Amino acid sequence: MNILSLAEYQKDKSAKKIIDTSLSDYKLAARKHLELQVKLSFLAQETSCYKYWIDNKSQLNHDVIFEKYIDFLAHVINLGLYKNYLSSYELNLRPSDYCLSDQFLNLFIDINDLIISPSTDHFNTLLEDVLSLGVTLGYDEEQINKAFE
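Each position in the sequence shown, counted from 1, maps to that position plus 609 in this note's numbering.
Honestly, the hints are just simulated from the structure, not real lab data. Do not take every clue at face value.
In silico DSS-like pairs for lysine-lysine, Cα to Cα no more than 27 Å straight-line [stated by the list, open to error]:
no., residue 1, residue 2
1, K755, K636
2, K660, K648
3, K755, K666
4, K626, K641
5, K755, K622
Pair by pair, the computed Cβ-Cβ distance ranges are [said to hold, decoys possible]:
no., residue 1, residue 2, range
6, S667, E751, 40 to 50 Å
7, H642, E699, 20 to 30 Å
8, W662, A624, 27 to 37 Å
9, K666, S728, 15 to 25 Å
10, N701, N665, 36 to 46 Å
11, S667, D634, 39 to 49 Å
12, S650, E750, 19 to 29 Å
13, Q668, S728, 21 to 31 Å
14, W662, Y698, 36 to 46 Å
15, K626, Q646, 28 to 38 Å
16, N754, W662, 29 to 39 Å
17, D711, A624, 18 to 28 Å
18, P704, N754, 12 to 22 Å
Everything numeric in this text was worked out from a predicted model, so none of it was measured. All C-beta atoms, glycine included, are put in the ideal place defined by N, C-alpha and C.
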């Protein structure tokens with residue numbers, strides 16, 4: 610999947626944000642990392658993949674799940690732009706062998722790895738795992754690209 614158009618869209622959107630200039634670089638980066646964890650938590654909550662009990666009353670809203678997924682992906686790309694991690698715009702869009710709850714747990718680990726040991730490799734792992742989650746959720750490249758238009 611080529612994410613160049615997604616990155617360009619996100620770059621334009623980010624340029625319009627007014628950043629609190631009183632924040633140090635460390636605090637700004639810390640908040641961006643925390644933001645990723647919060648956005649990922651919102652997405653996991655919408656999928657109900659964490660539930661281990663039977664709940665016949667809850668119904669998944671696939672539109673909201675897609676919106677939360679795109680929001681999370683946008684924040685991942687935004688962090689990549691902010692930290693200059695985006696070394697390649699061509700990434701593999703492939704399914705995961707893990708169940709949905711394991712994929713979410715792995716994404717939290719990916720984010721923590723990126724915080725503890727910042728690198729392009731850790732970022733690429735995070736981004737590839739986010740795209741893989743999209744495949745598991747049933748989204749294809751066309752749907753994802755269209756959401757960024």
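Name the hints, by number, that the structure is in violation of. Hints 1, 3, 6, 8, 9, 13, 15, 17 contradicted; others consistent.
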